[in-house]
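Kindly produce the complete structure, drawing on both the sequences and the hints.
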Amino acid sequence: MTVLILTSEEDVTADMVVAALHGTGTPVLRLDPADLPGKAVLSADYAHGDFDGHLSVNGHVLSMGGLRSIWVRRPGEPAAHAADPSPWLTAETRQALYGMLHSAAARWMNHPRNADQARLKPWQLRVAHLSGFAVPPTVFTTAPRLAREFVEEYREVVVKSASGPPPDDPQVALPTTLIGPDADFAAVAAGPALLQRYVHKRADIRLTCVGTRLFAARKIAEPGQVDGRYGDTGHAWQPVPVPDRIGKSVHEYVTLAGLAYAAFDFAEDEDGIWWFLECNQGGQFGFVELETGQPIAAEVALWLAQHRADRRSR
Amino acid sequence: MQPFTLKYAFPKGICQAVTPYHFDPAQQLNVLPNGRPAVSDPDLLLAVGTTTSTAGSATHFDD
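Taken in order, these protein sequences are the chains called A and B.
Residues in the first sequence are numbered from 12 upward in steps of one, following the working numbering.
Residues in the second sequence are numbered from 52 upward in steps of one, following the working numbering.
A portion of the hints provided could be inaccurate.
[Stated by the list, open to error] Below, simulated DSS-like cross-link-like pairs (lysine-lysine); rule was C-alpha separation at most 30 Å, straight line:
#1 A/LYS132 with B/LYS63
#2 A/LYS230 with A/LYS132
#3 B/LYS58 with A/LYS50
#4 A/LYS50 with A/LYS132
[Said to hold, decoys possible] To spell it out: a stretch of chain B is covered by chain A in this simulated footprint if at least three of its residues, at any positions, have a beta carbon under 8 Å from a beta carbon of chain A; those stretches are:
#5 53–63
#6 72–80
#7 83–93
No lab work stands behind these hints: they were computed from the structure.
These numbers come from a predicted model, not from an experiment.
The beta carbon of each residue, even a glycine, is placed where N, CA and C say it ideally should be.
Here it is in structure tokens:
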């Protein structure tokens, strides 16, 4: 039984899991949907009341009947590397590939349906509330007046993107930024603004959840630091225990969201409270493992190699 | 009118880093010039920054 990893070739974090699977003798096929059609080949048969399919790339072959699990890691757009790429070819290839994979009886990390929902940041806040996390007051609005009133009420507020930097401009960074009541809110009418009360943090927390295993890491923040992803604080990530209350909320969250993998970001305030900021269903973990030594890749490999059914995998 | 959130964007500069490894189709992972897997050198991976939480942001926003 084979593990299928959907990711790009340059993804060295996926390498950590591939190496762990090699170490346990678990068959693996690594495929970038961008290489289909072309370097990769697909065939699926729906005939005689049955289904079977095959994928091959670089001399490695996978039968759908032998598919154990699917890790959706950093897949490229289907057909992105084709000789004559087009939106139509991408749509057709997506139908062929994901239609075939959905037809197989395999576990997903994470199931695309659940992943799509889990990417919605406003929805994350609602699930975080239901899971018992502390969540900073937040507004997502296209109304300049409401944005101004929110900032006047909470005074120290950050603006953040819900979807990341503009995908058509890879040279642009869009970090979470502190704003004040003197900001020009007229532009809120030109695009939804996600505003959140700023948490005076003494540390960033990255908690990685793999199945039921939790790995928490902490990095001391500089005074006034807003976005932990930008700027070198001189501090490294250190492993920390997961408080019982946080652990229960994490398990509640991933159950509600149907996630087998998730990377949570928290801001730890001066009282030691972990404030929920976001949950990244496909969050990076390589940098955490490399700095803390936490065996996250091995746990991902173990989850992918398991036989047992998991209600969060479908 | 430029959306409010984009007022806080800034250019991050062109990345000049060259990754000292390449993909090996047989092993299905990246290897160093000496043939060893890139993941066998954690210090190198930390130095090139390809496993960080902003490393895949150009195509994946949920990092």
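**Report entry** Unsatisfied constraints (hint numbers, rising)
**Finding:** 3, 4
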